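Visitor: Can you build the whole structure from these sequences, using the hints too?
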Amino acid sequence: MKKIILILSAALIFIVDLSAQNEDDALRYSRQYVSGSARSVAMGGAMGAIGGDFTTLSINPAGIGVYRSNEFSFSPSINWNTTSSDFLSNKIEQTRYGMKIGNIGYVATHKSGKDEGIISTSFGFGYNQLNNFSQQVYMSGINNTSSMLDNFTNVSNNNPSNVSDFYEQLAYNVDIVAFDTVTSKYFNDFNRSGYGQLQERKISSSGSLGEYAFSMGANYSDRIYFGATFGVQRVRYESSIEHTETDQNKTIDYTDQFVFHEDLLTRGYGLNLKLGIIARPVDFLRLGLAYHIPTFYFLNDRFSTDISATYDNNLGINPKSSSSDLGIYDYQLKSPSKLVGSAAVTIGKLGMISMDYERINYAGSNLQATDYAFISENNAIKDNYKVANNLRFGAELRMGTGYLRGGYGIYGSPFKVVDPKAEDIYKVISGGIGLRTSDFFMDLAYSSGNSSQAYYMYLPENANNPSFNKSNLNNIVLTVGFRF
Numbered sequence: 001m002k003k004i005i006l007i008l009s010a011a012l013i014f015i016v017d018l019s020a021q022n023e024d025d026a027l028r029y030s031r032q033y034v035s036g037s038a039r040s041v042a043m044g045g046a047m048g049a050i051g052g053d054f055t056t057l058s059i060n061p062a063g064i065g066v067y068r069s070n071e072f073s074f075s076p077s078i079n080w081n082t083t084s085s086d087f088l089s090n091k092i093e094q095t096r097y098g099m100k101i102g103n104i105g106y107v108a109t110h111k112s113g114k115d116e117g118i119i120s121t122s123f124g125f126g127y128n129q130l131n132n133f134s135q136q137v138y139m140s141g142i143n144n145t146s147s148m149l150d151n152f153t154n155v156s157n158n159n160p161s162n163v164s165d166f167y168e169q170l171a172y173n174v175d176i177v178a179f180d181t182v183t184s185k186y187f188n189d190f191n192r193s194g195y196g197q198l199q200e201r202k203i204s205s206s207g208s209l210g211e212y213a214f215s216m217g218a219n220y221s222d223r224i225y226f227g228a229t230f231g232v233q234r235v236r237y238e239s240s241i242e243h244t245e246t247d248q249n250k251t252i253d254y255t256d257q258f259v260f261h262e263d264l265l266t267r268g269y270g271l272n273l274k275l276g277i278i279a280r281p282v283d284f285l286r287l288g289l290a291y292h293i294p295t296f297y298f299l300n301d302r303f304s305t306d307i308s309a310t311y312d313n314n315l316g317i318n319p320k321s322s323s324s325d326l327g328i329y330d331y332q333l334k335s336p337s338k339l340v341g342s343a344a345v346t347i348g349k350l351g352m353i354s355m356d357y358e359r360i361n362y363a364g365s366n367l368q369a370t371d372y373a374f375i376s377e378n379n380a381i382k383d384n385y386k387v388a389n390n391l392r393f394g395a396e397l398r399m400g401t402g403y404l405r406g407g408y409g410i411y412g413s414p415f416k417v418v419d420p421k422a423e424d425i426y427k428v429i430s431g432g433i434g435l436r437t438s439d440f441f442m443d444l445a446y447s448s449g450n451s452s453q454a455y456y457m458y459l460p461e462n463a464n465n466p467s468f469n470k471s472n473l474n475n476i477v478l479t480v481g482f483r484f
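All the letters of the sequence shown, read from the start, carry residue numbers 1 to 484 under my numbering.
Hint data in this document are derived by calculation from the structure and do not stem from the laboratory. Treat the hints loosely; a few may be bogus.
What the hints assert, rightly or not - Result set (SDA-like, lysine to any residue): computed pairs, CA atoms no more than 20 Å apart in a straight line:
#	residue 1	residue 2
1	K320	K334
2	K334	K386
3	K202	S89
4	K334	F415
5	K250	N143
6	K427	G449
7	K470	T121
8	K185	N162
9	K202	K349
10	K386	K349
11	K202	E262
12	K349	G52
13	K250	I142
Claimed, not checked - Listed next, with one range per pair, are the computed distances between beta-carbon atoms:
#	residue 1	residue 2	range
14	N300	V259	36 to 44 Å
15	D325	N361	32 to 40 Å
16	L275	L404	27 to 35 Å
17	K202	V387	52 to 60 Å
18	N361	E93	33 to 41 Å
19	V387	E116	38 to 46 Å
20	K382	V259	33 to 41 Å
21	M442	G113	26 to 34 Å
22	N361	N314	52 to 60 Å
23	R359	F230	17 to 25 Å
Model, not experiment: these values are computed from the prediction. Each residue gets a CB set at the ideal place from its N, CA and C atoms; glycine is no exception.
Guide: Set out below in structure tokens:
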């Protein structure tokens, strides 16, 4: 006989709401792949020592000092992200399409009329996209060794104080995790019947991380450029997870199918400051250095779950469903600081080559709230993450008023331990063309970025069956700009 035990308390609900904020959130908003203008995208983002492009305000703000005139630019983009999953020897591919604003900005430049000293000062404000969260993943396979219900069952038996109204309690409510009065243990039918169920998971995410940049800088004797950016970052993230397990062969007693949904909506903003300098010791060489202080995010999560279940036809039991309350929580995140070193070499009027190096310690992230210490979550950040080194390379060939560009970037893994089949290193290759006159420019760029990651639906029960997901993010950016 099955006996459902309801576990409800205000204290428990409080703890559960907080569990939605963890090291995954810290990493999501700390990893940034600046999109920006078509010129920047085409050159792999290696713009830190070049300047004179609105994207640089979010990389090395000294780039604003390179401007010699007023400028307005706008960069719409089209993107599509194709993710292929390999779960339990079953491969599936999904694609999600979208449109974004790579950047939009205005820079005003005032010339002093001098040939030495402060030659010009510039002020700029606008928007740069820092990350695109659009993705769709579908994983499916026959699991002969575990079920997500094992996780709910083990928590109920081994850590009853951690039973969640968003997870375990819902399974109790629809009678797919139950209490055995003989053994005094919780159990589920998939485990008792030996598994073999079809397991599916769909993940859909959307949103972006962008920065409203307010910058100022100056040109000193055409040899030193310096600048600062005050950034207000805009956070928009939404994810939906649908997890389904089905007894296709009708070998599992009692439970025929269950479907679990998890929805997260995050809104917020972050504040930071960037300082930078570019030096031109000789005419053909530019060296740049920038420091980004940690970004302080103020975030709001809205989180909910629901579950539905059907049962063997011969039992005559109607389908059941259960939903959580809406969990709402405000918290803060301090992302790590970043150091950016850059170099660019001009080859007469033929073109230039450039390189950026970034160093960021992802273990430096920290979650905070007025009513919770996030001790275990912050320890997980320190235990799982490490310093990552990012490299970007770019080249530009000038052909009269036309330009041909190419770039490559490699972003190191933030994880201390990675699966050799999925190193979580992001690599991007790009190219583009441009047309520039004294008062108008138009650039077009294409980039293709690839990464792989081992995804675990639940731990530790499914530790031996990760889904190896490969993502290919494609981006086409068009920039139109005017100088006056």
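Visitor: None of the hints should be skipped; say for each whether it holds.
Guide: Hint-by-hint comparison with the structure:
1. Our distance criterion of 20 Å between C-alpha atoms is broken by K320 and K334, whose separation comes to about 42 Å.
2. The suggested pairing of K334 with K386 holds, with an alpha-carbon distance near 16 Å, which does not exceed 20 Å.
3. Restraint check: the Cα-Cα separation between K202 and S89 comes to about 17 Å, which is no more than 20 Å; the hinted pair holds.
4. A distance of roughly 18 Å separates the Cα atoms of K334 and F415; the hinted pair therefore holds under the 20 Å criterion.
5. For the hint pairing K250 with N143, the CA-to-CA distance comes to about 14 Å; that is within 20 Å, so the pair holds.
6. Note on K427 and G449: the hinted pairing holds, with a Cα-Cα distance of about 5 Å set against a maximum of 20 Å.
7. At most 20 Å may separate the alpha-carbon atoms for a hinted pair to count; K470 and T121 exceed this at roughly 45 Å.
8. For the hint pairing K185 with N162, the CA-to-CA distance comes to about 16 Å; that is within 20 Å, so the pair holds.
9. Distance restraint check for K202 and K349: the Cα-Cα separation of roughly 52 Å exceeds the 20 Å cut-off, and the hinted pair is therefore not satisfied.
10. For the given pair, K386 sits about 42 Å from K349 by alpha-carbon distance, which is inconsistent with the 20 Å threshold.
11. With a C-alpha separation of about 11 Å, the suggested pairing of K202 with E262 holds against the 20 Å cut-off.
12. Only pairs whose Cα atoms come within 20 Å are accepted, and K349 paired with G52 is accepted, the gap being roughly 16 Å.
13. As the CA atoms of K250 and I142 are separated by approximately 13 Å, the hinted pair is consistent with the 20 Å bound.
14. A hinted range of 36 to 44 Å for the beta carbons of N300 and V259 is inconsistent with their spacing of about 27 Å.
15. Our hint of 32 to 40 Å for D325 and N361 holds, since their Cβ atoms are close to 37 Å apart.
16. Look at L275 against L404: about 33 Å separates their beta carbons, and that is inside 27 to 35 Å.
17. In this structure, K202 and V387 break the distance hint of 52 to 60 Å, their C-beta atoms being roughly 34 Å apart.
18. Between N361 and E93 the CB atoms are about 35 Å apart, so this pair conforms to the stated range of 33 to 41 Å.
19. A beta carbon spacing of about 41 Å between V387 and E116 agrees with the range 38 to 46 Å that was offered as a hint.
20. Look at K382 against V259: about 36 Å separates their beta carbons, and that is inside 33 to 41 Å.
21. Remark: the range hint 26 to 34 Å for M442 to G113 is upheld by a beta-carbon distance near 31 Å.
22. Take N361 and N314: their Cβ atoms lie about 59 Å apart, and the range 52 to 60 Å holds.
23. Distance hint check: the CB atoms of R359 and F230 are about 22 Å apart, consistent with the given range 17 to 25 Å.
Consistency note: the structure conflicts with the earlier hints numbered 1, 7, 9, 10, 14, 17.
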